[in-house]
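Turn these sequences into a full structure, and let the hints guide you.
Here is how the chains run, residue by residue.
2 protein chains.
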Amino acid sequence: FSVGTGQRFLGFAVSSRHFSASSLALGKALVYSEYGAPERVLELKEQPSESVSSGKVLVKMLGATINPADINMIQGTYGSSSLPAVAGNEGVGVIEDPGTSKLKKGDWVIPTKPGFGTWRTEFTASSDELLVVPNDIPMEYAAGISSNPCTAFRLLSDFGNLKEGDVVIQNAANSAVGQCVTQIAKSRGIKVINVIRSREDKELKALKKKMSDYGAENIVTEEELAGPSSDTFKGLPKPKLAINSVGGSSATNIAKRLDQGGHMVTIGGMSRKPILVPTGAMIFKDLTFEGFWMTRWILNSSSNDRMEMINEIAKLIKDKKLKLWYETVPLESYQESIKRSMEQRKDCKLVFKF
Amino acid sequence: FSVGTGQRFLGFAVSSRHFSASSLALGKALVYSEYGAPERVLELKEQPSESVSSGKVLVKMLGATINPADINMIQGTYGSSSLPAVAGNEGVGVIEDPGTSKLKKGDWVIPTKPGFGTWRTEFTASSDELLVVPNDIPMEYAAGISSNPCTAFRLLSDFGNLKEGDVVIQNAANSAVGQCVTQIAKSRGIKVINVIRSREDKELKALKKKMSDYGAENIVTEEELAGPSSDTFKGLPKPKLAINSVGGSSATNIAKRLDQGGHMVTIGGMSRKPILVPTGAMIFKDLTFEGFWMTRWILNSSSNDRMEMINEIAKLIKDKKLKLWYETVPLESYQESIKRSMEQRKDCKLVFKF
Numbered sequence: 001f002s003v004g005t006g007q008r009f010l011g012f013a014v015s016s017r018h019f020s021a022s023s024l025a026l027g028k029a030l031v032y033s034e035y036g037a038p039e040r041v042l043e044l045k046e047q048p049s050e051s052v053s054s055g056k057v058l059v060k061m062l063g064a065t066i067n068p069a070d071i072n073m074i075q076g077t078y079g080s081s082s083l084p085a086v087a088g089n090e091g092v093g094v095i096e097d098p099g100t101s102k103l104k105k106g107d108w109v110i111p112t113k114p115g116f117g118t119w120r121t122e123f124t125a126s127s128d129e130l131l132v133v134p135n136d137i138p139m140e141y142a143a144g145i146s147s148n149p150c151t152a153f154r155l156l157s158d159f160g161n162l163k164e165g166d167v168v169i170q171n172a173a174n175s176a177v178g179q180c181v182t183q184i185a186k187s188r189g190i191k192v193i194n195v196i197r198s199r200e201d202k203e204l205k206a207l208k209k210k211m212s213d214y215g216a217e218n219i220v221t222e223e224e225l226a227g228p229s230s231d232t233f234k235g236l237p238k239p240k241l242a243i244n245s246v247g248g249s250s251a252t253n254i255a256k257r258l259d260q261g262g263h264m265v266t267i268g269g270m271s272r273k274p275i276l277v278p279t280g281a282m283i284f285k286d287l288t289f290e291g292f293w294m295t296r297w298i299l300n301s302s303s304n305d306r307m308e309m310i311n312e313i314a315k316l317i318k319d320k321k322l323k324l325w326y327e328t329v330p331l332e333s334y335q336e337s338i339k340r341s342m343e344q345r346k347d348c349k350l351v352f353k354f
Numbered sequence: 001f002s003v004g005t006g007q008r009f010l011g012f013a014v015s016s017r018h019f020s021a022s023s024l025a026l027g028k029a030l031v032y033s034e035y036g037a038p039e040r041v042l043e044l045k046e047q048p049s050e051s052v053s054s055g056k057v058l059v060k061m062l063g064a065t066i067n068p069a070d071i072n073m074i075q076g077t078y079g080s081s082s083l084p085a086v087a088g089n090e091g092v093g094v095i096e097d098p099g100t101s102k103l104k105k106g107d108w109v110i111p112t113k114p115g116f117g118t119w120r121t122e123f124t125a126s127s128d129e130l131l132v133v134p135n136d137i138p139m140e141y142a143a144g145i146s147s148n149p150c151t152a153f154r155l156l157s158d159f160g161n162l163k164e165g166d167v168v169i170q171n172a173a174n175s176a177v178g179q180c181v182t183q184i185a186k187s188r189g190i191k192v193i194n195v196i197r198s199r200e201d202k203e204l205k206a207l208k209k210k211m212s213d214y215g216a217e218n219i220v221t222e223e224e225l226a227g228p229s230s231d232t233f234k235g236l237p238k239p240k241l242a243i244n245s246v247g248g249s250s251a252t253n254i255a256k257r258l259d260q261g262g263h264m265v266t267i268g269g270m271s272r273k274p275i276l277v278p279t280g281a282m283i284f285k286d287l288t289f290e291g292f293w294m295t296r297w298i299l300n301s302s303s304n305d306r307m308e309m310i311n312e313i314a315k316l317i318k319d320k321k322l323k324l325w326y327e328t329v330p331l332e333s334y335q336e337s338i339k340r341s342m343e344q345r346k347d348c349k350l351v352f353k354f
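First to last, the protein sequences are chains A and B. When you line the first sequence up against UniProt numbering, it's residues 1 to 354, in that order. When you line the second sequence up against UniProt numbering, it's residues 1 to 354, in that order.
Treat the hints as calculated values from the structure; they're not laboratory data. Take every hint as true, because none was put in to throw you off.
In silico DSBU-like links for lysine-lysine, alpha-carbon gap of 35 Å or less:
| no. | chain 1 | residue 1 | chain 2 | residue 2 |
| --- | --- | --- | --- | --- |
| 1 | B | Lys320 | B | Lys238 |
| 2 | B | Lys285 | A | Lys273 |
| 3 | B | Lys285 | A | Lys285 |
| 4 | A | Lys208 | A | Lys273 |
| 5 | A | Lys113 | B | Lys238 |
Short derived list, chain B residues pointing at chain A, Cβ under 8 Å:
| no. | residue |
| --- | --- |
| 6 | Thr266 |
| 7 | Gly268 |
| 8 | Gly269 |
| 9 | Thr288 |
We put the CB at the ideal spot given by N, CA and C, even for glycine.
See the structure below:
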């Protein structure tokens, strides 16, 4: 998750769970005591045992995704933490001991808030810090459900007033969020124009094939979109929504395609270049430009709204209408896995399996 | 009204009233038969007499403003007209013969829609093309009420969810709209940070004096705003709304001042440079960027909503809470008056008086 400005975003309530060593070692946790390069500051530490005290539950983690935001938090460029902290924001665990709560042993849970510290084998928490998720989907999908699929779900639900038959245009269409946008849109009868970066012929062909396999249509490179062959999407209505993860000229090019009154929502700035908006487009085409940050949505919404969304997404997963690429890796290989997750071209998401 | 892109905006329903010469000459009209420089294409023609046929009323024009949009329409860069057309979009007339309508002789009226052709001494129209305005305010204010004061009124009513005690920041603060924003905001207990271009000391002092006279506070030059002395507005909350008529770095500088969740609304692009938005600000500060075009609002709103707004504005005028600078000029001097209205620094609005 690059933000395009290089600015450090402080003061927001994304604080990682404290870590303090004590008593009997039962599990392990990836901990950082200072901000910096993950390979330097992360340490795999033995985690102290915690007893299930009044109102608390014991959770054994099943899996936790490696997301760019996790890396940026360790680097100290995204949110603020009290140090030392356990890394990781997303993941799924199973209730081992429900204590006196309403939860049941075997329930699958995810943290209600970001910054929880999910890269550890177990923890205790109060039940209101946890949200129950369906346990009849693959573990990897449950571990990764709260960031990419939920972001795509909200983009398609909250922006541009979309209904069946409408069109969305997105850049970085092959990103994890892009894959979710394509498939969730399809389930709602919304068409997507998928813009990807150009690459070598063979690689491009393979990518288009992969994208077609999960249902992507109207796949076009940045260059084709900017070029004169602009009648590629003849027959499709003009997009009501543009989803921008890139910024710079890519953002301008998708904004240009928007219909009168259209919205562009920005979720990232991979090009590290700002968005450039011609005044006339704003005034006469009535375009609106805004941002979306999943973290803010989570902090501002009820767990009921969140549960409803997650159940809808889980249903798509069970119905094979939402397919994503996950690879599980052991916690011990974290150096190698984090390095891989930071590489430019990532076809699948890495998930720590505990 | 510069739009920053130089683009021609066609296809919008801003069509000027046709002009066809016939019968007895009773009045005069400024007519253009082709697009181009106003001094070249405008002709002062004798206007044919029209009888008040069924359902029509006869209106004698009292005054009509010269606005940048009028010029741009004649140049063919703003809206489209059927040619030949009578120029002018805004103005006030008096009902001379109400025919069978509910209007009364002596009522003051303005056109309900833009592109009416107001630079003429008289016309007939159906009563639903006209909106009654208070006739106990100065003629110049009534002539100019529908563009600048209404724009300011809508900006402060429809964007940024403003309430008493909130802060707005605007560039081009000494423009006609800017003057209205300052005064209407004051009447609502909203504070304004007024950003103006720097100029020679003496001239700057005179401008600040003039602005203070109509109640402007927190006056700052672009350079002061961009500079390090950024604690000028200590004690004021951060702005919830930025009003941008300039674009380029000026837009960036006022956007930077916005509070979390703030809105920037663009109504012009005098610098002819686009708006540059850092991705991070959009995502993490939750900023929204949009445009406002008074013409669209008028076309999308009921005459009831419009009447209500105009009555509120007229009350501010009567209460001396909204003061503007008008100068009346005769229709015959149109060449000179249009030239003056196109000059960069215009302290007062010119109004044709009939």
